[in-house]
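K.L.:
Based on the provided sequences and hints, a complete structural model is requested.
One letter stands for each residue in the lines below.
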Amino acid sequence: MQSGAGIFFDGITSARHDVAVTLGAASLVISDRTGNVLANWPYNELEPLTAPDKVLRIGRRGNLALERLEIFDADFAHAVDEQAIHIDRTGMIQRRQRGSVIGWTVAATVSMLLVAWFGIPALAERIAPLLPVTIERKLGDAVDVQTRAMLDTGKTGTAFECGTADSEKAGRAALDKMIHRLEAAAGLPGPLRSIVVRKVEANALALPGGQVYIFRGLIDKAENADEVAGVIAHEIGHVAHRDGTKAVLQAGGLSFLFGMLLGDFVGGGAVVIAAKTVLQSSYTREAESAADAYAAALMNKAGGNVRALATMLTRIGGATEPGMKILLDHPETKARVAAINKFADAKSTTPFLDAKEWAALKRICAG
Amino acid sequence: MSSLEAEPAPGGSVRFLGHRRAYWRLLVRGALLLMVTLGIYRFWLNTDVRRYLWANTEVAGETLEYTGTPLELLIGFLIAIAILIPIYLGFFLAALDLGTIGQMSGMIAFLALGVLGQYAVFRARRYRLTRTIYRGLRFYQSGSALLYALRASLWWILTGLTIGLAYPFQVASLERYKMRHTYYGDLAGRFDGSGLRLFLRGLPMWIAVVAPIAVTIGAFIEVVDWQALADAAAAGGDDVMGRIESTNPQIADVMVFAMLMGGASVTFAAVLYPVYQALMLRWWSSGLRFGDIVMTSKLRTAQVYGAYVRFVGYAILFSIVAAIVGGLALVAAGLLAGGEQTSIFGEVAATVILLGGYVILALGFSTVYRATVLLSLWQLGMESLQLSGLSALDQVKAAGRASSPIGEGLADALNTGGY
Numbered sequence: 001m002q003s004g005a006g007i008f009f010d011g012i013t014s015a016r017h018d019v020a021v022t023l024g025a026a027s028l029v030i031s032d033r034t035g036n037v038l039a040n041w042p043y044n045e046l047e048p049l050t051a052p053d054k055v056l057r058i059g060r061r062g063n064l065a066l067e068r069l070e071i072f073d074a075d076f077a078h079a080v081d082e083q084a085i086h087i088d089r090t091g092m093i094q095r096r097q098r099g100s101v102i103g104w105t106v107a108a109t110v111s112m113l114l115v116a117w118f119g120i121p122a123l124a125e126r127i128a129p130l131l132p133v134t135i136e137r138k139l140g141d142a143v144d145v146q147t148r149a150m151l152d153t154g155k156t157g158t159a160f161e162c163g164t165a166d167s168e169k170a171g172r173a174a175l176d177k178m179i180h181r182l183e184a185a186a187g188l189p190g191p192l193r194s195i196v197v198r199k200v201e202a203n204a205l206a207l208p209g210g211q212v213y214i215f216r217g218l219i220d221k222a223e224n225a226d227e228v229a230g231v232i233a234h235e236i237g238h239v240a241h242r243d244g245t246k247a248v249l250q251a252g253g254l255s256f257l258f259g260m261l262l263g264d265f266v267g268g269g270a271v272v273i274a275a276k277t278v279l280q281s282s283y284t285r286e287a288e289s290a291a292d293a294y295a296a297a298l299m300n301k302a303g304g305n306v307r308a309l310a311t312m313l314t315r316i317g318g319a320t321e322p323g324m325k326i327l328l329d330h331p332e333t334k335a336r337v338a339a340i341n342k343f344a345d346a347k348s349t350t351p352f353l354d355a356k357e358w359a360a361l362k363r364i365c366a367g
Numbered sequence: 001m002s003s004l005e006a007e008p009a010p011g012g013s014v015r016f017l018g019h020r021r022a023y024w025r026l027l028v029r030g031a032l033l034l035m036v037t038l039g040i041y042r043f044w045l046n047t048d049v050r051r052y053l054w055a056n057t058e059v060a061g062e063t064l065e066y067t068g069t070p071l072e073l074l075i076g077f078l079i080a081i082a083i084l085i086p087i088y089l090g091f092f093l094a095a096l097d098l099g100t101i102g103q104m105s106g107m108i109a110f111l112a113l114g115v116l117g118q119y120a121v122f123r124a125r126r127y128r129l130t131r132t133i134y135r136g137l138r139f140y141q142s143g144s145a146l147l148y149a150l151r152a153s154l155w156w157i158l159t160g161l162t163i164g165l166a167y168p169f170q171v172a173s174l175e176r177y178k179m180r181h182t183y184y185g186d187l188a189g190r191f192d193g194s195g196l197r198l199f200l201r202g203l204p205m206w207i208a209v210v211a212p213i214a215v216t217i218g219a220f221i222e223v224v225d226w227q228a229l230a231d232a233a234a235a236g237g238d239d240v241m242g243r244i245e246s247t248n249p250q251i252a253d254v255m256v257f258a259m260l261m262g263g264a265s266v267t268f269a270a271v272l273y274p275v276y277q278a279l280m281l282r283w284w285s286s287g288l289r290f291g292d293i294v295m296t297s298k299l300r301t302a303q304v305y306g307a308y309v310r311f312v313g314y315a316i317l318f319s320i321v322a323a324i325v326g327g328l329a330l331v332a333a334g335l336l337a338g339g340e341q342t343s344i345f346g347e348v349a350a351t352v353i354l355l356g357g358y359v360i361l362a363l364g365f366s367t368v369y370r371a372t373v374l375l376s377l378w379q380l381g382m383e384s385l386q387l388s389g390l391s392a393l394d395q396v397k398a399a400g401r402a403s404s405p406i407g408e409g410l411a412d413a414l415n416t417g418g419y
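First to last, the sequence lines map onto chains U and F. Per our numbering, the first sequence starts with residue 1, numbered consecutively. Per our numbering, the second sequence starts with residue 1, numbered consecutively.
Be careful, since some hints might not be right.
As the list claims (entries may be wrong) - Taking lysine to aspartate or glutamate and the DMTMM-like style, the derived pairs with C-alpha atoms no more than 25 Å apart in a straight line are:
hint, chain 1, residue 1, chain 2, residue 2
1, F, Lys397, U, Asp18
2, F, Lys397, U, Asp32
3, U, Lys334, F, Glu347
4, U, Lys54, F, Glu62
5, U, Lys276, U, Glu286
As the list claims (entries may be wrong) - A few chain F residues facing chain U, derived, Cβ under 10 Å:
hint, residue
6, Leu34
7, Leu38
8, Tyr52
9, Pro70
10, Ile133
11, Tyr134
12, Leu137
13, Tyr184
14, Leu187
As the list claims (entries may be wrong) - Covered, in the sense of this in silico footprint (three residues per stretch, anywhere, with C-beta under 8 Å from a C-beta of chain U), are these stretches of chain F:
hint, stretch
15, 39-50
16, 53-66
Hint data in this document are derived by calculation from the structure and do not stem from the laboratory. Positions of the beta carbon are idealized from the N, C-alpha and C atoms, including for glycine.
P.N.:
Pasting the structure below:
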């Protein structure tokens, strides 16, 4: 079949031309009814364009004017297809391209997950120590405002912070003595700031820049001064390792990686949140183990009793926590206790406080 | 669905030539690939969908053509990321600041990203128009995206303040701006839809949805002793609810009333939504003009309800299949995660199964919605159009050039994308 009918648009006006199309030696010749040649397209410049199923629509490659030729006869369309190398009505080229796209995007996804698992913690590890202490302080102050607003519900009717009333001053002095001994052994770059707050949970937390919160529940549950000191040493570990700053960097990195590059599809939000939760839990589990090791070493150095931290953890950790391990932000208590006890030295230890001071610390929130 | 004739009949009508089955196949394959590639495939899927819809829409005997490519969309997205990273970083750092800037940064970020989102909407429209070819000429859009963004943002604020009453006038004004800057070749577009007419048509629906809530708020103001309530809440402690009840004996009744009214409002909104969509589509497409070409829509509301009935049917079918498969998956997840001796690996596997199930469910419903309601709205919207003044089509001259895809990228990154 050497010629057929078609509809031609010259790309200059929207006028419709009924044309005769002839297959020439090296090109497609498009001519109007009177025989005037409207266009002459070399076969290797023909480009297939999207059209309904039964229409072959072609244009000319690299042509800025949007010339279009439409062929409706299936046999003639097939004849044109045979001549033009870029026209591929079976969709082979497109399928191959799509295959490579799918392959590479799957590879990109895997690479992104690997970066999230290994790369981001490693990066935070390297970057955090490079941040100047002043910036870390500033970050800590911002976090401090939020932390305080979150902890201080203002319901108790008394001051949120312990150790300020006259009857509590002795307790505060005892705590300061304990912390100074630990600080001297630790040799931190900046001073540690600590407050005891009226919260019944047995807990303590460290913010970036060296702010440590000690909950009164912790002091209430402790049976001797070294147990409190052990927990504070653990928090000093977080400060020394700059875990607060690392957590901010890690959270930012994960948000960027998952929030911006991925996930703009229905249901993607849940994948992003789940991946972030699981990964962040795994980061903090590592940080907790490292802080435990640091605390044990620090207690040894300061001449305290390492086993006291383990005892304290067992008491407040209680039985095995319910729920899934990959969502826990702390390693299991049993494993932590075993790891800490390995550090215990045989040498004799000096208690952090004498009986009188310890009794005063116990009353730090009595005011 | 009719097949194309060799000599398309010249007329004023628009036809849709596509087949539902082919569209389903496209969407289902797309959804599977979206899942495997965590969404990166969206550039390819969106392009496929547009190509299909454009190519199968026949206006006065000639079909439209979409010339955009997935790679353009991907590049536009990467450019948008490059622009947004410093902005996000700036807001992140500002939030760390202790002063008023830090306090305000969340608010400022929300407003700035809102304006940027509207900017993206206009630029994305420009991209889609310049990739739309008809009879060998392209559509294009002039005008300033920034001006549009400011205009749209002010309108959104006004609409918010008037609880939606200004919305018809907003749509009319923004549509006038968009169409005034829209061209097919050298044929200028405009929009003749009246905001007042839309307002009057939509007012009954607005009242049906808002009135129950307004009545409830009125009842609260009438019945509740606010001073006593505030005192009871401020006192804190365990028995807040008990004390509120003793000082405000009628509060329980008002609560029940509020729940009934809230339910009524939601029910009205759900039942009236197809009416609203039909009204908007009819009003909007009846206002479109290109030179002497005038469009009128004969869309019937019952047709839109039909689309929703089909959606509900397919959604129920999908839910049944999902429930059976999901039940089996849950058992598998339970076996992996349960028991005394759990390993991290088992937990990860269980999480992946649960998460995968959720994503399949969400993507499944979204696919059903796209293949039923959205396709039907396109088809009904197009086929109900009556065009007059088509003789103008014979002498339109080419104008305009292809624009950059950055607007699409921004819209994608900011979640304000359209078709």
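K.L.:
Hint by hint, work out which the structure violates, then give me just those numbers in ascending order.
P.N.:
none
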